[in-house]
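Work the whole structure out from these sequences, hints included.
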Amino acid sequence: MSHLSSTIEYYLSFNYTLAGRTQKIYREHLGRLCRFLNDPPLDQITPRRLAEFMAGLRQTNGRPYSPGYQSQIFRALYAFFNFCVAEGLYPANPMARLKRPKIITGPKPRLSLKQIQRLLDAVKQTGLAERNLAIVLLMVDCGLRRSEVVALQIGYIDFDDRSMRIYEPKKNKFREVPLSDMAHLALTAYLKKRRPVKNPAEHVFLIERGPNKGQPLTIKSIEELMKRLKRKLGFKIYAHLLRHTFGNHYIRMGGLRYLQKILGHSRIDTTAAYYTDPDFADLQAEHRRAAPTAQLSKLNN
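Here the sequence shown is numbered in the numbering used here, starting from 9 and rising by one per residue.
Check before you lean on any hint, since a few could be wrong.
Unchecked claim - Subject to a maximum C-alpha distance of 20 angstroms in a straight line, what follows is the list of computed PhoX-like cross-link-like pairs (lysine-lysine):
#1 Lys240 with Lys32
#2 Lys132 with Lys201
#3 Lys200 with Lys132
#4 Lys200 with Lys221
#5 Lys238 with Lys132
#6 Lys269 with Lys116
#7 Lys132 with Lys122
#8 Lys244 with Lys132
#9 Lys244 with Lys178
#10 Lys132 with Lys269
#11 Lys122 with Lys244
#12 Lys179 with Lys32
#13 Lys240 with Lys122
#14 Lys228 with Lys244
Please keep in mind that the hints were generated in silico from the structure rather than gathered at the bench.
It should be emphasised that the depicted structure is a prediction, and the values quoted were computed from it without experimental measurement.
Shown next as structure tokens:
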């Protein structure tokens, strides 16, 4: 009987088409299980031992892992054991006997319009301001993920039509995303200033300094930019917050189906779950409009 570690390597090599970040996450989570169980043969892995592993995620020294992170680990293990069953390595998925960690849902965090303005003003004060402004606007005004920003190529942008083709590795296809007026202006200004474009397959965003100058920008570079902006502004800034900010503000003026297409969600209920729950500011506004005393004032008028 194969041991867990060798089966994990077989699983990851079999699923070589997974995006690099997904491969890394799966390797991390499955490796954690392997270390916890001391790399046993597959036939010695029981639902009880898996339940002990999942319980340990809630009882770590210091702070336990968040419910969302526990759910991510659960999904990785469930997918792995599904593969084992399909390959005839395991009779039935032992994760099916376990309860999925509950995730507390609610409105996604977002920046207010005033915070967005402060953010844009702060970006303009950074080094490489033209590049950084274009990066931030693609996330906060067009809803791109950080991985999509760094993967964006010159040939994927239609400046005349003001649209972008965004490649989705998991689906192995492109989606078309509108390019906002401000993002269009920022990209145009940046591309005029950066080194000349030699072919359309070039990445839009490049490292501008240091030994890797001229190489495609990395996700780590965007994370470092977010940290600098957080220190400057005094409130949380991270790449996915900008994407959530786009979705939260867009849904107030635009349609759910359009937002689904822009964000690249496969299912519309995913978009609805993220962006249709009212936040407290929405509740306050609706309360002021619909509370009995508000209606009395209209009656008295």
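Do the hints match the structure? See the list:
| no. | hint | result |
| --- | --- | --- |
| 1 | Lys240 with Lys32 | 31 angstroms, violated |
| 2 | Lys132 with Lys201 | 15 angstroms, holds |
| 3 | Lys200 with Lys132 | 17 angstroms, holds |
| 4 | Lys200 with Lys221 | 17 angstroms, holds |
| 5 | Lys238 with Lys132 | 14 angstroms, holds |
| 6 | Lys269 with Lys116 | 19 angstroms, holds |
| 7 | Lys132 with Lys122 | 16 angstroms, holds |
| 8 | Lys244 with Lys132 | 18 angstroms, holds |
| 9 | Lys244 with Lys178 | 29 angstroms, violated |
| 10 | Lys132 with Lys269 | 30 angstroms, violated |
| 11 | Lys122 with Lys244 | 14 angstroms, holds |
| 12 | Lys179 with Lys32 | 18 angstroms, holds |
| 13 | Lys240 with Lys122 | 15 angstroms, holds |
| 14 | Lys228 with Lys244 | 17 angstroms, holds |
The structure is inconsistent with the numbered hints 1, 9 and 10, although it conforms to all the rest.
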